[in-house]
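A.B. asks: Here is what each chain is made of, one letter per residue.
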Amino acid sequence: MPRTLFEKIWDAHLVRAATADTPATLYVDLHLIHEVTSPQAFTWLRERNLKVRRPARTVATMDHSTPTTPRNKEGKIPVLDNAAAAQIAQLETNCKDFGIELFSLGTEGQGIVHVIGPELGVTQPGQVIVCGDSHTSTHGAFGALAFGIGTSEVSHVLATQSLLQNKPKTLAVTVEGQLKPGVTAKDVVLAVIARLGIGGGTGHVIEYRGSAIRALSMEERMTVCNMSIEAGARAGMIAPDEITFEYLKGRPRAPQGAAWDKAVAAWRALPSDPGATYDREEKFDAAAIEPMITYGTNPGMGMAIGAKVPAPANASDVKALAYMGIKGDEPLLGHKVDVVFIGSCTNSRMSDLRAAATIFKGRKVAPGVRALIVPGSQRIKKAAEAEGLDRVFTEAGAEWREAGCSMCIAMNGDQLKPGQYAVSTSNRNFEGRQGAGGRTFLASPLTAAASAVTGKVTDSRSLV
Amino acid sequence: MEPIKTFTSKTVALPTENIDTDQIIPARFLKATSKNGLGKVLFADWRFTADGALKPEFALNKPEAAGARVLVAGDNFGCGSSREHAPWALYDYGFRAVISTSIADIFKNNSLKNGLLPIAVDAATHAKLLAAPNAEVTISLEAQTVTLGDGTVAKFVVDPFSRYCLLNGIDELQFLLSQDAEISAFEKKLEAK
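Protein sequence lines correspond, in order, to chains X and V. Residue numbering for the first sequence follows my numbering, beginning at 1 and increasing consecutively. Residue numbering for the second sequence follows my numbering, beginning at 1 and increasing consecutively.
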């Protein structure tokens, strides 16, 4: 029987198959943890006198509540918020007590959890990867089954390296053809979510396929898989191929030598078999996708950047547009912008920074606009500085910050003021997501940078 | 965890669709290192003004909502982040069930582990519940039914294992720990690869 990529990984990780009364038990290859969703899990382990079953299969970092402000004279990033400092200290203690590797604030390996996994090469094809964070779907770009879990499940994985799971359905999202210039991976996924709707993928794992997906770089594939959860799908995945292997080869934790050849041979067997069937399929024409922007208060409320905001269809739409302070049947192009945020696990990698730099080079951030550029990891920060990207940003008048989740989650000091409008490369435009009362338009790094230099919502193609 | 079997309570209705976990508990309250006491920041930005005063027009703040243990919400409740703080906050506030036409996956999983019943009902029942906020309903997990004041009985489904755990007040970790031998055997196979 031909099987999909998802089914192959699922089958290979069954510790115990599902029965009529009990869910399947799935083995977890890689568990990523951070400071916000893990403290209670460690408390429960201590209360029950349990150990971490396989400490080497867990990797920790801090990203959500950590500041991205400049280093002090001692080269440290000061944490001024007492609650955040306590949470960070607790992660340090927990990792020390339970023997878990931790990439601490400001150290070389630290960064957003979904950026550092691939960067280190711990994220690999065929794995089951979980993390107490819904954007764990990012790692599916490598042909892994990766999904977000709650803190109770974090404790389950710590204690047993396994999870109880009901088998999800499969949804093929097929994107054929060639993207137009100025249209990016972010626009592809925003277009997918706009069609599926914020709950359209609930109960499903998405496999992105088709020629337009195969043509994407690993960083672009991560952007696409990252936002699967914004359509309600816990996981999104892309079959591994030469682009995947090329990205992983030589990474610090990727297999080396003979082990590498053996691993690649196994990974080549992962793509869905010809004739494998999905529970559902949605097809997209790549050439028809425009640069996208969201206008409402969930990521499904997106449209082509040149379009008019759809007239509200129900009370929830009316509420969303009232919160956003915009009207239906009017364009967003030219709308005023107060803040531009380029960063997050969606768009904070080298290719995102390079794309933004093409716009900022030789231009200035518009008067009255605050532009924050937040690299996804300390390694990216260093690499960008080696290329001189930081100087492009700072000479334009943008802020170049330390690595972290920053204004995507607004629990670390980086946040909008009530009423402010932001164009953000992050993944969520929920009410207050970027700060209480703040209003978010989600878009690509190109659109964000173009909007920063004009001070209004701008199609980057109009600047070229 | 207290077992859940059958209970009767009045409802409170939030008809907005796609209520995400950032509304249920905004991220700035996620710096807690315990799961207790989060009820006071449930729906913080909808319940309170910026200076902390109650917004009287918000459904949960109305006197007739006092004591409601069942939240009836618009479609796709609990979408967004994986924060288990969302069901912790709902439970701590006093809720024992959330009824909608659909519930987001991660929120549903998290709720089932915390004594909060995520209940998806058909659109007709949902419309009736929204039309009669603060009416009494009876929820039976044993029968998997919601009984409305007018006698309408709506079925819902909770996966058999979660139902067993909730009815008996036991948690899933014990069940996983009991599979130790199978997990060890799996790990041996993995190392041999």
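Treat the hints with care, since some could be wrong.
Said to hold, decoys possible - Below, computed lysine-lysine pairings styled on DSBU-like, alpha-carbon distance capped at 35 Å:
1) Lys55(V) x Lys169(X)
2) Lys262(X) x Lys193(V)
3) Lys327(X) x Lys382(X)
4) Lys189(V) x Lys167(X)
5) Lys128(V) x Lys167(X)
6) Lys51(X) x Lys189(V)
7) Lys40(V) x Lys319(X)
8) Lys249(X) x Lys193(V)
9) Lys327(X) x Lys180(X)
10) Lys155(V) x Lys10(V)
11) Lys169(X) x Lys262(X)
12) Lys382(X) x Lys308(X)
13) Lys35(V) x Lys51(X)
Since the hints were made in silico from the structure, they are not lab data. Every value quoted in this text rests on a predicted model; they were computed, and no experiment measured them.
A.B. asks: Checking one constraint from the list: CA of Lys262(X) to CA of Lys193(V), max 35 Å. Satisfied?
C.D. replies: holds (10 Å)
A.B. asks: Would the pair Lys327(X) and Lys382(X) pass a check requiring their Cα atoms to be no farther apart than 35 Å?
C.D. replies: violated (43 Å)
A.B. asks: Assess, step by step, whether the Cα of Lys55(V) is no farther than 35 Å from the Cα of Lys169(X), and give holds or violated.
C.D. replies: With Cα atoms ~41 Å apart, Lys55(V) and Lys169(X) exceed 35 Å; violated.
A.B. asks: Taken at face value, is the distance from the CA of Lys308(X) to the CA of Lys382(X) at most 35 Å?
C.D. replies: violated (40 Å)
A.B. asks: Does the alpha-carbon distance linking Lys189(V) and Lys167(X) stay inside the 35 Å limit?
C.D. replies: It holds: about 23 Å lies between the C-alpha atoms, which stays within 35 Å.
A.B. asks: Can you confirm whether the C-alpha distance between Lys51(X) and Lys189(V) stays at or below 35 Å?
C.D. replies: holds (22 Å)
A.B. asks: Is the Cα-Cα distance between Lys128(V) and Lys167(X) 35 Å or less?
C.D. replies: Status holds; Cα separation ~32 Å.
A.B. asks: Compare the distance between the alpha carbons of Lys40(V) and Lys319(X) with 35 Å, and conclude whether the hinted pair is satisfied.
C.D. replies: Holds - the C-alpha atoms of Lys319(X) and Lys40(V) are around 24 Å apart, at most 35 Å.
A.B. asks: Compare the distance between the alpha carbons of Lys327(X) and Lys180(X) with 35 Å, and conclude whether the hinted pair is satisfied.
C.D. replies: holds (29 Å)
A.B. asks: Sort out whether Lys193(V) lies within 35 Å of Lys249(X), counting only the CA atoms.
C.D. replies: holds (20 Å)
A.B. asks: Verify the proposed pairing of Lys169(X) with Lys262(X), using a straight-line Cα cut of 35 Å.
C.D. replies: holds (30 Å)
A.B. asks: Hey, Lys155(V) versus Lys10(V), does the alpha-carbon distance stay inside 35 Å?
C.D. replies: Holds, because 18 Å separates the two Cα atoms, which is no more than 35 Å.
Hint compliance for this structure: hints 1, 3 and 12 are broken, all remaining hints hold.
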